[in-house]
Amino acid sequence: MAISTATKAATDALAVNRAPVSVGAQEVHRWLQSFTWDFDKNRTKYSTKYKMANDTKEQFKLIAKEYARMESVKDERQFGSLQDVLTRVDAANRVHPKWNESMKVISNFLEVGEYNAIAATGMLWDSATAPEQKNGYLGQVMDEIRHTNQCGYINYYFAKQGQDAAGHNDARRTRAIGPLWKGMKRVFSDGFISGDAVECSINLQLVGEACFTNPLIVAVTEWASANGDEMTPTVFLSIETDELRHMANGYQTVVSIANDEAASKYLNTDLNNAFWTQQKYFTPVLGMMFEYGSHFKVEPWVKTWNRWVYEDWGGIWIGRLGKYGVESPASLRDAKKDAYWAHHDLFMIAYALWPTGFFRLTLPTAEEAEWYEANYPGWYDMYGKVYEEWRARGCEDPDSGFLPLQWFIENNHPIYIDRVSQVPFCPSYSKGASTLRVLEFNGKKHSFSDQWGERMWLTEPERYECQNIFEQYEGRELSEVIAEGHGLRSDGKTLISQPHTNKDGRLWTIDDIKKIGCVFSDPLKAL
Amino acid sequence: MTIEVSGGRRGLTDPVIAATILAAIPDQPLETQRKMNYFVTPRGRRLNEYEVLCCYTQPTPDWIPGGLDWGDWTQKFHGGRPSWSNESTELHSTDWHKHRDPAFRWHALYVKDKAEEWRYTDRFLKAYSADGHVRSIDPVWRDEVLGDYLGAFGFSEYGLFNSHSSVVRDCLGDTLRMSSAMIGLDKVDNAQMIQAERTFLAKLVPGFDESTDVPKNEWTKGSIYKGARETVEEIWQGTYDWNEILFSGHMVYDPLFGQFVRREFFLRLSAYYGDNLTPFFINQMQLYHSQTKGITTDMFHTCLADDPAFGDYNKRLLRAWSDKWLPRTVNALKDFMGIFAKIPEIKGVTSKDAIEAALERVFDDWKRDYADPIGYKVDTAALIKTVLTGLK
Ligand SMILES: [Fe+2]
Ligand SMILES: [Fe+2]
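Residue numbers (this note's numbering), protein chains in the order written: chain Y, 2 to 528; chain H, 37 to 428.
In short, the hints are calculated from the structure, not lab data.
Keep in mind that the hints are not guaranteed to be accurate.
Said to hold, decoys possible - List time: in silico DSS-like cross-link candidates among lysine-lysine, alpha-carbon distance up to 27 Å:
| id | chain 1 | residue 1 | chain 2 | residue 2 |
| --- | --- | --- | --- | --- |
| 1 | Y | LYS58 | H | LYS403 |
| 2 | H | LYS403 | Y | LYS46 |
| 3 | H | LYS71 | Y | LYS494 |
| 4 | Y | LYS42 | H | LYS378 |
| 5 | Y | LYS62 | H | LYS403 |
| 6 | H | LYS239 | Y | LYS75 |
| 7 | H | LYS378 | Y | LYS58 |
| 8 | H | LYS239 | Y | LYS9 |
| 9 | Y | LYS46 | H | LYS262 |
| 10 | Y | LYS432 | Y | LYS446 |
| 11 | H | LYS403 | H | LYS252 |
| 12 | Y | LYS432 | Y | LYS338 |
| 13 | Y | LYS75 | Y | LYS161 |
| 14 | H | LYS71 | Y | LYS46 |
| 15 | Y | LYS161 | H | LYS71 |
| 16 | H | LYS403 | H | LYS413 |
| 17 | Y | LYS161 | H | LYS148 |
| 18 | Y | LYS62 | H | LYS239 |
| 19 | Y | LYS42 | H | LYS403 |
| 20 | H | LYS252 | Y | LYS52 |
| 21 | Y | LYS62 | H | LYS413 |
| 22 | Y | LYS266 | Y | LYS337 |
As the list claims (entries may be wrong) - Which residues of chain Y face chain H? A few of them, derived with a C-beta cut under 10 Å, are:
| id | residue |
| --- | --- |
| 23 | HIS30 |
| 24 | ARG31 |
| 25 | VAL96 |
| 26 | LEU125 |
| 27 | GLN151 |
| 28 | GLN164 |
| 29 | HIS169 |
| 30 | ARG174 |
| 31 | ALA177 |
| 32 | TYR311 |
| 33 | GLU312 |
| 34 | GLY379 |
| 35 | MET383 |
| 36 | VAL387 |
| 37 | TYR388 |
| 38 | ILE497 |
Just so it is clear, CB atoms sit at the ideal spot from N, CA and C, and this is done for glycine as well.
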C-alpha cells in the first residue's frame, strides 16, 4: 500500500472506530521466534554433544514486561502475608524449635540450588538456538533470582523475628564447615552448571525440578505447617508457582534434542547419571531433615518418596517422555532401597559430627523412637539403642566430654566420604546399601559407596577431584576448625551448633570442644 | 497426643499442637545478633535489604577473591575445567562480591518497577489510540523509519540481550550475576517494545507491516546497520571474557551507538515528524540505559578501576579494550549516517550541523562518563569527523 493511502486509511479507520487499542503480550511474543539471525559465529559457548533444534517452541509465552507483572502480583501477596499478619501474630516464635533449626539448612541449601540455577539457565539460554527456547530459559534465569531472594528472605525473617537467629543470620558463611555442604554443592551447584549443557539441564530440570522439587518444595510445606511454621509455606508455595514453567523447560529440552542422533546414544545414560547424582544426596538429606528435624511428623519419608519420586516421576513423568526414547533410569531400583534406610544412616553421622553444623540437632525422643520403630521395623536395634547409649554417656551435656564421633572411633566404624557425591557413609554400621570401594589414582586414594558413582568416576575421574572434609581438616583440632569457619555465636564462645534443642539444656562452648582434644584424621590414610 | 499429624492440622492454629510447641520454645531468644549477613561490608552506612538477600549467595571458594567457601569444585566440566574460575576473565579483583546495583534492586523491586511500566504502557496506548494521535505522524517517518529502521534497531537490542547469557553463566559474583541478568532482560524488553510499537501501529494504520521480515533484511543485508551488526555479533558470540562482553556492550557500543540511535535520532527527531508515540517507548529505554549505566560504571569504575590491588592493571586493560571496541563503534555510527538520506530533510534538525551537534553531545557524554574515569585519551572531534564521512 502506498504511503499516502495508508495515512488516509488510518484517518478513515479512526472516523469509524475510536475504541482504545493496546497491545497484548501474546501479540508481541508471536514475533519473537524471528528475532534472531544467522551469522558465522552464532553458536553456543558451551559445548554439548546434542543438537538443539532451531524451531523449538516454548509453552509459556511471556515477554519481559508481562513476566514482571505476573511475578510482582505474587510478590505482593507473599510479602504482604509475611510482613502483615504473620508478623502481628509473632508467627516466627510459634515454630517448634526443632523445625526452626531445620529451616536454617533447608532454606539456605535450597537457596544454593536456586542461585546456581541462575547460572545453569544462563548456560541453557546460551546453548539454545531458537529464540523461544532461549526465552523460556531466560524466564527461568529471572525466576531463580527471585527464588534465591525468597529463600534468603526466610532466613532473614527467622533471624529477625525468631527464637534462635544464629545460623539463620550467617548460613552463607558457616554452611561450609560441616559434612553436608560438599554433597550439597555437587547436586545443587556444580551438577547444574558444570558439564554438557544438556546434561546440566537434565540434572536441573528433568531431575532436580521435575523429580525432587515436589518433595523438597511441596512436602516441606506440610511438615513446616505441622510444626507451626507458616512462613515457609507462604514463600515456598509461591516459589512452586514458577516451577511448572521450569519443568516445561526441561521437557522442551528433551523435545528439542529428540530427533538428534546423539539422543538415542547418550540421553538415557545422562538421565541415569543425573538421577543417581540427585537422589544420592536428596533421598537421605530430605528424609533426615523431615523426620529428624521435626517434632510433629506428617508421614514416613519412604511413603513420600515412593509417591513423588518412584510413582509420579519415575512412572508418569518419565512415561510421558517415552515417545522421545526416554527410559526410566536403571538406578531407580537401588534408589528405592536408599529411600528406606539411607536417611537414618546419615542422621547418625550428622549427629556424630554435630559441632561442625550451623544448626542444633536433636536425638529422637521416646515417642519419636516409637514412631520410627512402627514405620521402620528394626530401627531400634540399629539406631535407637545407640542413641540411648550416647545419651547415657552425656552427649547433650557440655561437661560430659563426650562427642558421639568417639563412639564410631571406639567401635572401629570409620566414616568415609564418597568421592563423587561427597556424602559421608559408614560401611560397617549402616542399614542402607552403601559398600566401601577404594580406588587409587595418581597416587591418591578415593572411596566410593555405590556402583553408579564409581562408574561415573571411572569414566571421568578428572571431573571429581574435590577433596573432602576429612582430607581438608586432617590433623587439625576440632575447635580450631569451628572457630576458623565462624561457627560461634555473637558472644564469641557459644557454638551455633548444639546437640539438643532442650530449652533448659546447657549450651556448649568452644572451650567444651577444645578440652576434648578431637583431631581430624583421614580414614583413607589408614587403609 | 500422637506425634503424627494428619488431615492438614496446623501447628499455628491447632490448640493441642500449638501448646506443645509453645512449651518447647526457649523463654528468651538464644541469639542477640538478629541481622542476617551481619558480616558483610555494607556499601552505604547500614546493610540494606538488597545486601542481605543477595550478598554471598554465590558459593565460591576463597581462591576466587571474595569467596567464603574452601576447596575445589565437586564436579567439573568434561576434561576438568572448573565450575567458576579466575581465568574466565582477564580483569583482576580483590573481591568479586563488591559490586552493588546503585539502586539496590533485588528481584521483587526490579519486577515491581517493570510491572508498573507495563501497566502504564497499556493505559498510555489506549489513550493514544482513542485520541487519534496517529494521524499526525509523517507517513515516510512512520512507514519507513519506524517500520523498517526502528524495527531493524530492535535486532541490535536483541543481540546485546543475548550477549548476557554467558555472562550470567560465567561471572564470579552474586550481585554481578543478578545485575547482569537484569540489564540483559532490559535489552530484550527494548527489542520487544520496538515490536510492540510496530504491532500497535499496524492495528491503527491499515496496511502498516508489522512483520519482522523487512527490518530483519535491513539489519542483515542493508548498509545502514552493517557496522552495528558486525559489532553486535562480535560482542555476543565472538567474545568469551564475561567482563569484556559487558564492557564492550555497555561501556563502549551502547553509550555511543545506542545513545545516538535512541536519543539523538528517534527521540529527538520523532516530534518533528509528528510522532509522539516513539518517545514513549524510547524514554523507557533511556530509563533502562541510565539504570544500566549506574550498574556497569559501578562494576568497571567503582570496583575494578579503583581496586586497591589491581586498579592500575585493570585500567590499562580497560583502555586496551576501548582501543579494540571504539573503532568498531565509530564505524557502526558512520554506517548509520546513511539513514539521513532516507528521511525528508528538516533544516537545522536533520542537516549536517544538527547531526554534528548531536554527535558531539553523545561523544562528550561518553568521554566524561566512560573514558575519563579510566584515563582513556580520546580525540572526540576526530572520531566525529570520521563518523560524518558516512553522510550520503
Ligand atoms: Fe527455583
Ligand atoms: Fe526452578
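Each hint, compared with the structure:
As the CA atoms of Y:LYS58 and H:LYS403 are separated by approximately 43 Å, the hinted pair breaks the 27 Å bound. With a C-alpha separation of about 33 Å, the suggested pair H:LYS403 and Y:LYS46 falls outside the 27 Å cut-off, and the hint is violated. Simply put, H:LYS71 and Y:LYS494 have alpha-carbon atoms about 19 Å apart, close enough for the 27 Å limit, and the pair holds. For the hint pairing Y:LYS42 with H:LYS378, the CA-to-CA distance comes to about 31 Å; that exceeds 27 Å, so the pair is violated.
Restraint check: the Cα-Cα separation between Y:LYS62 and H:LYS403 comes to about 41 Å, which exceeds 27 Å; the hinted pair is violated. Taken as a hint, the H:LYS239 and Y:LYS75 pair is broken in the structure, with Cα atoms around 32 Å apart against an allowance of 27 Å. Only pairs whose Cα atoms come within 27 Å are accepted, and H:LYS378 paired with Y:LYS58 is rejected, the gap being roughly 37 Å. Only pairs whose Cα atoms come within 27 Å are accepted, and H:LYS239 paired with Y:LYS9 is accepted, the gap being roughly 14 Å.
Of the supplied pair hints, the one linking Y:LYS46 and H:LYS262 holds, its CA atoms being roughly 24 Å apart against a limit of 27 Å. For the hint pairing Y:LYS432 with Y:LYS446, the CA-to-CA distance comes to about 25 Å; that is within 27 Å, so the pair holds. At roughly 32 Å between alpha-carbon atoms, H:LYS403 and H:LYS252 are farther apart than 27 Å, so this suggested pair is violated. In summary, the hint linking Y:LYS432 to Y:LYS338 is supported, as the alpha carbons are separated by about 10 Å, within the 27 Å threshold.
Note on Y:LYS75 and Y:LYS161: the hinted pairing holds, with a Cα-Cα distance of about 23 Å set against a maximum of 27 Å. Distance hint between H:LYS71 and Y:LYS46 is unfulfilled; the C-alpha atoms sit about 40 Å from each other, more than 27 Å. Taking the CA atoms of Y:LYS161 and H:LYS71, the gap is near 6 Å; set against the 27 Å cutoff, the hint holds. Between H:LYS403 and H:LYS413 the CA atoms are separated by roughly 9 Å; this keeps the pair inside 27 Å, and the hint holds.
Restraint check for Y:LYS161 and H:LYS148: satisfied, since their Cα atoms lie roughly 24 Å apart, inside the 27 Å limit. With a C-alpha separation of about 21 Å, the suggested pair Y:LYS62 and H:LYS239 falls inside the 27 Å cut-off, and the hint holds. The straight-line distance between the Cα atoms of Y:LYS42 and H:LYS403 is roughly 31 Å, outside the 27 Å bound, and the hint therefore fails. For the suggested pair H:LYS252 and Y:LYS52, the alpha carbons sit about 25 Å apart, so the restraint of at most 27 Å is met.
Restraint check: the Cα-Cα separation between Y:LYS62 and H:LYS413 comes to about 46 Å, which exceeds 27 Å; the hinted pair is violated. At roughly 26 Å between alpha-carbon atoms, Y:LYS266 and Y:LYS337 fall within 27 Å of each other, so this suggested pair holds. Against a cut-off of 10 Å between C-beta atoms, the interface hint on Y:HIS30 holds, since the closest Cβ of chain H lies about 8 Å away. Taking 10 Å as the C-beta cut-off, the interface hint given for Y:ARG31 holds, the closest approach to chain H being about 9 Å.
Using the Cβ-Cβ criterion of 10 Å, the hint placing Y:VAL96 at the interface with chain H is satisfied: the shortest such distance is roughly 7 Å. Below 10 Å, beta-carbon pairs count as interface contacts, and Y:LEU125 has one with chain H at about 8 Å; its hint therefore holds. Restraint check, Y:GLN151 versus chain H: the minimum CB separation of about 8 Å is within 10 Å; hint holds. At about 5 Å, the closest approach between the beta carbon of Y:GLN164 and any beta carbon in chain H falls short of 10 Å, and the interface hint on this residue holds.
At about 7 Å, the closest approach between the beta carbon of Y:HIS169 and any beta carbon in chain H falls short of 10 Å, and the interface hint on this residue holds. Of the supplied interface hints, the one on Y:ARG174 holds, with its beta-carbon coming within about 5 Å of a beta-carbon of chain H, less than 10 Å. For Y:ALA177, the interface hint holds, the least distance from its beta-carbon to any beta-carbon of chain H being 5 Å, beneath 10 Å. Checking Y:TYR311 against chain H: minimum C-beta separation of about 22 Å lies over 10 Å; hint violated.
For Y:GLU312, the suggested interface contact is broken, since its CB lies about 20 Å from the closest CB of chain H, more than 10 Å. At its closest, the beta carbon of Y:GLY379 sits 19 Å from a beta carbon of chain H; the interface hint therefore is violated under the 10 Å criterion. Contact between Y:MET383 and chain H, as hinted, is not supported at the beta carbon level, the nearest pair being about 20 Å apart and thus beyond 10 Å. Look at Y:VAL387: its Cβ only gets to about 21 Å from chain H, farther than 10 Å, so that hint breaks.
Among the interface hints, the one on Y:TYR388 is violated; its C-beta lies about 16 Å from the nearest C-beta in chain H, farther than the 10 Å criterion. Because the beta carbon of Y:ILE497 sits about 8 Å from the nearest beta carbon in chain H, less than 10 Å, this interface hint is met.
Against the hints set out earlier in the document, violations occur for numbers 1, 2, 4, 5, 6, 7, 11, 14, 19, 21, 32, 33, 34, 35, 36 and 37.
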